[in-house]
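Chemist: Each protein sequence line maps, in turn, to chains A and B. Yeah, the first sequence ends on 902 if you go by this note's numbering, and it's all consecutive. Yeah, the second sequence ends on 174 if you go by this note's numbering, and it's all consecutive.
A portion of the hints provided could be inaccurate.
Okay, derived cross-link-like pairs now, DMTMM-like style, lysine to aspartate or glutamate, Cα gap no bigger than 20 Å in a straight line [to be verified]:
1) A:211 with B:115
2) B:155 with B:29
3) B:128 with A:712
4) B:155 with B:76
5) B:157 with A:101
6) B:155 with A:9
7) B:138 with B:52
8) A:760 with A:185
9) A:211 with B:76
10) A:16 with A:712
11) A:53 with A:101
12) B:155 with B:52
13) B:157 with A:818
14) A:211 with B:168
Bear in mind the hints are in silico, worked out from the structure with no lab data behind them.
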Amino acid sequence: MSLYIDRAEYPAQPDKNLLEVCLSLGLDLPYFCWHPALGSVGACRQCAVKQFKDENDQRGRLVMACMTPAAEGTRISVDDPEARAFRAQVIEWLMTNHPHDCPVCDEGGECHLQDMTVMTGHTYRRCRAAKRTFRNQYLGPFVNHEMNRCITCYRCVRFYRDYAGGDDLEAQASRNRVYFGRAADGTLESEFSGNLVEVCPTGVFTDATLKQHYTRKWDLQNGPSLCPHCALGCNTLIGERYGEPRRVLNRYHHDINGYFLCDRGRYGYGFMTAPSRLSAPLLRPAADASLHPAAADEALAAAAALLREGAGIIGIGSPRASLEANFALRRLVGPERFFAGVGEAEGRATALILDLMRQLPVPVATLRQAEDSDAALVLGEDVLATAPRLGLALRQSTRHAALAAADRLNLPHWDAAAVQVAGRDQRSPLILATCASTRLDDAASATVHGPSDEIARFAAAVAHALDGSAPEVAGLDEARRQLAQAAAAALSSAQRPLVVAGARGGEALIRAAANIALALHRRGRATRLVWVLPECNSLGLALLAPRPLAEALAAAEAAGAPTAIVLENDLYRRAPHRAIDAFLAKARVAVIDHTRHATVEAAQLVLPAAAFADGSGTLVSSEGRAQRYLRAYPAAGDITDGWRWLGRLGALADGRAPDWQSLDEVTRACAAEFPTLAGIVDAAPSAAFRAGGRKIPRQPPRYSGRTAMRADRQIHEPPPPADPDSALAFSMEGHPGQAPAALLTWYRVPGWNSVQAVNKFQQEVGGELRGGDPGVRLLQADSAAAAGFLAGDAPEPFARRPGEWLLLPHDLIFCSEELSLLAPAVAQRAGPARLLLHPGDLQELGLADGDPAQVEAGGETMHLRVQPDPALAPGTAALPAGLPRLPWLDLPAWGSIRRVRG
Amino acid sequence: MSYFINTLATLGRYLLHSFRPRATIQYPEERPAIPPRWRGRIVLTRDPDGGERCVACYLCAVACPVDCIALQATEDEHGRRYPAFFRINFSRCIFCGYCEEACPTDAIQLTADFEMSEYRRTNLVYEKEHLLIDGPGKHPGYNYYRVAGLAIGGKDKGEAENERPPVDVRDLMP
Ligand code: SF4
Ligand code: SF4
Ligand code: SF4
Ligand code: SF4
Ligand code: FES
């Protein structure tokens, strides 16, 4: 089983194409249109190689490496002079119309076209013809358009339309006028539009937020980070210059995000430099005074006083703070006084999910496994809003029918166009059960709509249809029963079915989802589950076994004036405003956070915490994977990690040295206390790690301006700050080779300056990173566990109430997540918040699309404009979740709606 | 003996030197003639239209072997890119001229001025207002934005040198 490249023998890989094989072998073969996740279409003609019939063939013929299988006995030459000349010629053609833009092009310095041009040796433009030009479009706050630079590789539309399901970007016009844009100027609608920045090999699509403070790739100081905007744990790379994060790039992780991020993850970074960012300790000298900036010592002394005086301290942890920070708080206040800063229902649901992750014999899927499933059932979550990258993975899962059709015709999976034709109109089942319509509905084979209780009933019916011993649902209407049966049939005829449910759906739904997975598991299917959790460390917080928030509020009621330390949390997002007002009025509150919010306004003392670009810690993703994020730049002034503040506070309280001085120490302390968390120590190499005796540099080797950046303030160059928390250095000096996967600070090797260089960091193209992908799975399904169905009655059927509406939470990708909404670009995408109602209900209320309405529920009054959504069950209404201007409600809740004059 | 002769010969050569023309001049009373390609004080020039030539591409900064150039790119409301600040720390500069060589717009140029001594190092930190001159320096003709594809104020798409008017994407003609 061999093939021959330039007469050297390599193993053949018939299911791969020659381009993949050459790149995996480390050979430099230029390409444009092929993308490891999008496959080959043979459009750009850049990857030409010479293929020979046998060892006696001297002439050979040019073939496109990306369109030729790496079959047994293949003989090719990459180095052949004719192949080389052909490739140089292709670039020269592409360049005839290319603008003289590199100096003002945001792609410059990380441009695949530049790299390939240099690689083929084309240097001077011989063509003297006038250049073709295009007009650009405004594409919204995320992506900038400069169409002159296009080389018509078609990657953008193949990603945007074929991969991500968008329909507002298309290839237009003909011959050499082909244009990639929208029908008219306007914001790109896809939740994944930001990936165009990385997919496009040229400067046509570039990061519009980076443009606002443009910095070249070689000037960015980077930190391997994690996306804090949902629980999936996508890996990111944060680039910093002049003390502020300037962009977020995808950091490849084979099992999680692969090559793509969602726009919330890519553009949410703006919260770290928003006006709401806390940069200094704040003190309130008297109860009625306002907060004013204070020195760190003063603030710490005040904190120590607060800790001594209060009638017992309690700690409120956070699902968006690191495991270490939560652990440090728990250590300071004691396990009995450590509370979860999450809503009541959310806390219960998360705890149940954690139990199920431990007890069920059904394993939890990675995103890659979700993508590989051949039938999926999503229950009660609009994944595009609550776990966006999962939505993209589910969309890929529907391609399995097409891939199966391709298999029957013996077509290789990388042949994207052929697979598309072979599998036309064939989709693997994807069944979505949500309260309102979603933007994934177009990929679904069936949709079910209703409030979460109805979805729980539907789910229980699916479980019962799969396995008669699962609890039965009484009084299900016939249409639903048939849908449930069809869903059961679709799932049970799949090889690798997937069940997705989350904290949003509530406990009954979670149990029903688990029963479906169990029923499939009993039938011998390789079933997997995905649990969607609300925040980046929801699971990490749950693993520390905190007590529910309600008990903290109740305890405050009982115990005179308690002292509360609130960690990275706005309590007003967790419980009714009146309850929090009462609590904050009684308690003496110290807040540790990076962002100013309503709870900060009520605090006596505020300590500025590091965020994800200037802090380090560990997060546990919804998959149960512990992953480390490491700061990109030293935190400014008194800002420091939450766990470090808490360590100092603990020391002050008992007058001894802090329990930990560095991240490794606090991580080890945490791992030692919780056996389940033992693995977190290995989530990334420790600070003592050295590669070839040296630290890993955060700055690229050509980082510029070192002796001038600070020269206006300080003429002497200070030594690079030390980083006690990681094996990374704030310097361009250090280990020159590749770092371990968890410590990667950029993708670049000589000759490959663009993100395409990730090929050089993988074991094989599209495979795991060298040395294994980072992160440690903390929870493993116990395949020997008993597979008995979970008991519990299905909820009562939904019944309309006259004059009342059941208000349901409606998650929105750019609106419902607290931190990303503070980023200006994301806020611009948030759009107006609308109350969704069934069109019939709108009519009943005498309202039309866009009319203002008043909603009353839970003692709160809200004003919103309405919008019809035929998917909503009559008698229900969907309220935008997490919107800061709306009061917190324990949804679903009954409320009244009436029209008001607008 | 030979040692003695050698020494005398050397002394003789020294003596002859005193009748040679002098290379040393009485600076600063007397001014040296500096060749135009001398690599002295760095300036930022303007294009023939009087616009700032530097497009803030960062190429000079990355070419600089001592990393003494720092700048930040920004854009005016019509998309013209220029440096928001541009700083050269001359106390680090080795006057190698790499920045000038790297500059794709002829903006940064080394001049024949070498008289930059200061008593305080901080006075050797030049900001954009100290660097920017009013003329095009050694390259009078070049105007980068006239050949670039980027549209800026006063130059729309298709109006650069050697460009065709923008494509009409709705055009169906073959
Ligand atoms: S796309 Fe690449 S080659 Fe083209 S102008 Fe931009 S940096 Fe230069
Ligand atoms: S816009 Fe970019 S990705 Fe799209 S065809 Fe042109 S070069 Fe390729
Ligand atoms: S899917 Fe979630 S973790 Fe991934 S980038 Fe989006 S918000 Fe971040
Ligand atoms: S190389 Fe020239 S155009 Fe680029 S930043 Fe330096 S001076 Fe400006
Ligand atoms: S990469 Fe092979 S033809 Fe484009």
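Chemist: Now, for every hint given, state plainly whether the structure supports it.
Modeler: Here's how the hints hold up against the structure:
no. : hint             : verdict
1   : A:211 with B:115 : violated, 38 Å
2   : B:155 with B:29  : violated, 50 Å
3   : B:128 with A:712 : holds, 12 Å
4   : B:155 with B:76  : holds, 14 Å
5   : B:157 with A:101 : holds, 13 Å
6   : B:155 with A:9   : violated, 56 Å
7   : B:138 with B:52  : holds, 15 Å
8   : A:760 with A:185 : violated, 37 Å
9   : A:211 with B:76  : holds, 12 Å
10  : A:16 with A:712  : violated, 55 Å
11  : A:53 with A:101  : violated, 43 Å
12  : B:155 with B:52  : holds, 15 Å
13  : B:157 with A:818 : violated, 41 Å
14  : A:211 with B:168 : violated, 27 Å
The structure is inconsistent with the numbered hints 1, 2, 6, 8, 10, 11, 13, 14, although it conforms to all the rest.
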